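Protein sequences, first through last, are from chains E and V. Going left to right, the first sequence walks through residues 1 to 101 as this note's numbering numbers them. Going left to right, the second sequence walks through residues 1001 to 1505 as this note's numbering numbers them.
Rather than coming from a laboratory, the hints here were simulated on the basis of the structure. Quantities reported herein were computed from a predicted structural model and do not represent experimental measurements. All clues stand as given, with none of them false.
With beta-carbon atoms standing in for the labels, derived distance ranges: (1) E:Gly57 / V:Pro1357: 34 to 44 Å; (2) V:Leu1054 / E:Pro68: 30 to 40 Å; (3) E:Asp7 / V:Gly1236: 40 to 50 Å.
Cβ atoms here follow ideal geometry from the backbone N, Cα and C, with glycine treated the same way.
So you can see what is in the structure, the chains are spelled out below.
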Amino acid sequence: MALSQEDVAGIAEYAQIALADDELAEMTTYMNEAVDMLAPILEYDLDGVDPTFHPIGDLSNVMRPDEPTPGLDLDTAFANAGSTRERYFRVPSILGDGGVA
Amino acid sequence: MATELDQLSASAIAAGVVAGDFTATEVARASLAAIEARDGEVAAFLQVSPELALAAAKATDDAIAAGEKVGPLAGVPVAFKDNMHLVGTRTTCASRMLADYDSTYTATCVSRLLDAGATPMGKTNMDEFAFGSSTETSHFHRTYNPWDTERVPGGSSGGSAASVAAGEVPVSLGSDTGGSIRQPAALCGVVGMKPTYGAVSRYGVVAFGSSLDQVGPFGRTVGDVALAMNALVAGGRDPRDCTSQDCPVDFLEHLDDPVEGRRVGIIPELMEAKGLTDEVKSAVEGAARTLESQGAELVEVDLPHMGDSIAAYYVIGPCEAFSNLARFDGVRYGYQEPGCATLAEQSSRSRAAGFGPEAKRRQMLGAYLLSSGVYEKYYYRAQQARTLITQDYAAAYERVDVILMPASPRSAFKFGEISDPTEMYLSDMYTISINIAGNGGISVPLGLGADTHLPVSAQLVGPAFKDRSLLTFARALERGTDAGAGMGDGAPVAPDFVGRGGDLA
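Please build the complete structure, drawing on both the sequences and the hints.
Structure representation (C-alpha cells):
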C-alpha cells in the first residue's frame, strides 16, 4: 500500500526533520518509488536463513582494559557547539512548549 | 631539465626526497602550484591546507637533514576526503550541517599516512555525507571530471578521484560504502581500492553505514595504491575502532608475483546485465584476455543472489545512515537553527536546514524501514539476504582466487543526466555486493572506451583479508594494459591538465 503524505509527515516527525509542505509532497513521491524498488526483498526465499548483521560475523564484545584514558578537553569539546554555559551544552526547553528558559 | 610533479609516482617522489633529488618542501610547493593552476576547473578540493602541507614537508626535510629515518611516503602530497578528521582543517562532509565544523581530532587513516611521511594538501569534495554517485549532492559546489569537465567525476569520493586524475596529488583517500571509491576511480580513470572491511580503521571518519564503510586509497598506479595500503595497515589493529583487524602486510611484497596457474572468476550473467554499455563490456572482456595471456585460467562462476544486492543495500545503508546521522541535532556541533522555543523544535529545524535533499531522503527511508511493523518486512530480511550474498562469494572463492567484473556499467555521465534518485542508485550495481559481503575490491583503469573516449575500468574483487592477492591481480592487469601512460605504467594524468603548474625546480 502506498505511503500517504500524512504517513510521510509522521515519519519526518519521528526522524526529526521539519519538512516544508513542498518538500513533503516530493518526499512522498520519492518514498513510494524507493519502497517499490525494495519490493523484491519481500519475495526472496529466506526460510531458515540466519541474518548477518555485520561482515565480521564472529566479532563480538570487543573490550579494552577498564582503565582511564584521556578524552577531549572541555575547550575542544565545546569548540563546535552553538551554545554553551560554564561546563554544559546549552539547549532550549526540553519539556513543554518553551516559555522562559 | 625540469621535472613535472604529475609525471612522478608516489614511490618515485618518496625515493627522490630521500635521495636528495628534491626536497619535500619543493614537492609540496609544486603540488600547491598544480592545485592553484588546475583546481579552478576541476574543483576537487573543498579546502587546501598550505600551512599544514609546508609544515609537514619541513618536518620531513628536517628529519632527513638530521639523518633520521623517514617513512615510505616521505614528502608525498596526499588529499583526504572531507569526511576524515584532520586537526587544522574543517571536516564538512560537503554539508551545510558541518560547514563550520573544525576537526577536533585526527582520523587514524589520516594520521597513519602523515606518520609515514605524507604531506597533507587538503580536503576533497564529496557527495553530502557520502550519499551519491556523482558528487552532485555536495552543498558547496560540483567537482568536474578532468577527462571532460562537462561530466561528473562519479561519487561519493569524486573530489579524491578527480584530484589524482588531474595530477594535483599522486595519492588520495576516499571512503566506500557501496562503491564510493571504485566507481569514481572508474569514471576518472585512476586506481581505487576498497580494502576488506576491518583492514583500515574507521576512527575519525564520519560514519554513513557502519557495517559497510571502509577507507581506501586512490592512485594512478597499482603500486602507489599498495604503498598507501602499507601505510594504512602496517600499524596493525586500531584500538579506537573495535571493528579494525590485524591483517597481513606487506602489500608490495607480492605485487609482481605471476598470476600463471591462478584462477580468475567470470560471471557471464553480469556481462549481459541491463545498463552495461558495449564499450565497458568489451574492455572488461579484453581485461580477461590480458590475465589469460599471463597464464591465469578463466573460470565461469555463479553468484545466484547478486541480483538481490541492490534492494538489500538500499535497506541496510539508509537504516544505518539514519542511526548514524541522528547525532546531528545542532547541540554539540553542526548547524543550529536560532530562535527555537524547544529542543525538539531546534533539532528538527536544524536538521531540516542543515541537511540537503539526498541526506534527508536517505534518513527518511531509513526511519521508515526501521519503524515498528516495517523492520521485520525489510531490515531483517535484508540481513538474511546478506547472508546468502556472502555465502555466494564464499562458494565462488572455493573455485577462484579473484572475480573480474565491471566497476561501473558506463563511463562518466553529464551533470544532471541522471536526475531520478532511484535511477542514480543503479550506478553502483557492480560495487555494492562487495560492501554487503565485506570483501575487498579494486578498480583498474583500462584506457578509454571505444565509443565515448572516456576512461573505462575493470573491477577485481577477492575474498576477505586477501587484499594482497587482489593487488597482485590488479598489477598483472596493469602490466598487460596501456591505459595511456605506456604499457604497464598505470593511468595518465588527464590530458587537459598535464604539466599545468607543478614544476619541480
